[in-house]
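With chain A's structure known, arrange chain B on it following the hints.
The chain contents come next:
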Amino acid sequence: ETAVFQTPNYHVTQVGNEVSFNCKQTLGHDTMYWYKQDSKKLLKIMFSYNNKQLIVNETVPRRFSPQSSDKAHLNLRIKSVEPEDSAVYLCASSHWDNQDTQYFGPGTRLLVL
Amino acid sequence: QQQVRQSPQSLTVWEGETAILNCSYEDSTFDYFPWYHQFPGESPALLIAIRPVSNKKEDGRFTIFFNKREKKFSLHIADSQPGDSATYFCAASPVVGQLTFGRGTRLQVYA
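Protein chains in written order, with the numbering used here: chain A, 1 to 113; chain B, 1 to 111.
Chain A on its own, in the form it takes in the complex (with noise of 0.2 Å):
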């Protein structure tokens, strides 16, 4: 059963373009992330954040944005897109104090020509 959803499912744009991904989760965590995955499968954290602090991977590049209304919702905006920031983009939820015990959501795939 889904409980960590993300919009769109694919996204296609050109370099420069700025995109922004949606992600609600019904768990009642209050701790999300974006994770990056790159075609080699590679799974890399880009952002943490929960109710009280933003934790910034600090080899994200400032064009990546996280923003959050709520605990229940995480966005991620991309300013202007590289040809590099093509991956399956993954939004994961879990409690502050079990973040050993994430639950992902389907992902975006996002290709930038």
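Simulated from the structure, these hints should not be mistaken for laboratory data. Fair warning: this is a prediction, and the values are worked out from it, not measured in the lab. Be aware that one or more of the hints could be misleading.
Stated by the list, open to error - Simulated pairs of lysine-lysine, BS3-like, Cα-Cα distance not exceeding 27 Å:
| id | chain 1 | residue 1 | chain 2 | residue 2 |
| --- | --- | --- | --- | --- |
| 1 | B | Lys56 | A | Lys24 |
| 2 | A | Lys44 | B | Lys68 |
| 3 | B | Lys72 | B | Lys57 |
| 4 | B | Lys72 | A | Lys71 |
| 5 | B | Lys71 | B | Lys56 |
| 6 | B | Lys72 | A | Lys41 |
| 7 | B | Lys71 | A | Lys41 |
| 8 | B | Lys57 | B | Lys68 |
| 9 | A | Lys44 | B | Lys72 |
| 10 | B | Lys56 | B | Lys72 |
| 11 | A | Lys24 | A | Lys41 |
| 12 | A | Lys36 | B | Lys56 |
| 13 | B | Lys72 | A | Lys40 |
| 14 | A | Lys44 | A | Lys24 |
Claimed, not checked - Here are some chain A residues the structure puts well away from chain B; computed CB gaps all over 10 Å:
| id | residue |
| --- | --- |
| 15 | Ile45 |
| 16 | Lys79 |
| 17 | Ser80 |
| 18 | Asp85 |
| 19 | Gly107 |
| 20 | Val112 |
We put the beta carbon where it would ideally sit given N, CA and C, even for glycine.
Frame of chain A; chain B shown alone:
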């Protein structure tokens, strides 16, 4: 710097064999060691996990072996089935903190 190392990158076994996937870590504060699996076209999902108070955790055909002294842990999949074919990720986290994933092992089980 990769904090969780995983090997092999890919593994092929025949149906009925035991598949062994290995991971090692560097950070002594890591306290939780889960394995996630990801089937083609799907997102990762938690499979099994262990804490250092134990050196073994079993769940059906899946067993984690943990060696705290050597900072290594492995996933053994007994009686492998074609339906086990997936990418397996080991991960580690401190008592309170985010997961660090390994690079994944792509397992293929042939009938």
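Structure versus earlier hints, numbers of those that do not hold, lowest first: 1, 4, 12, 15 and 19
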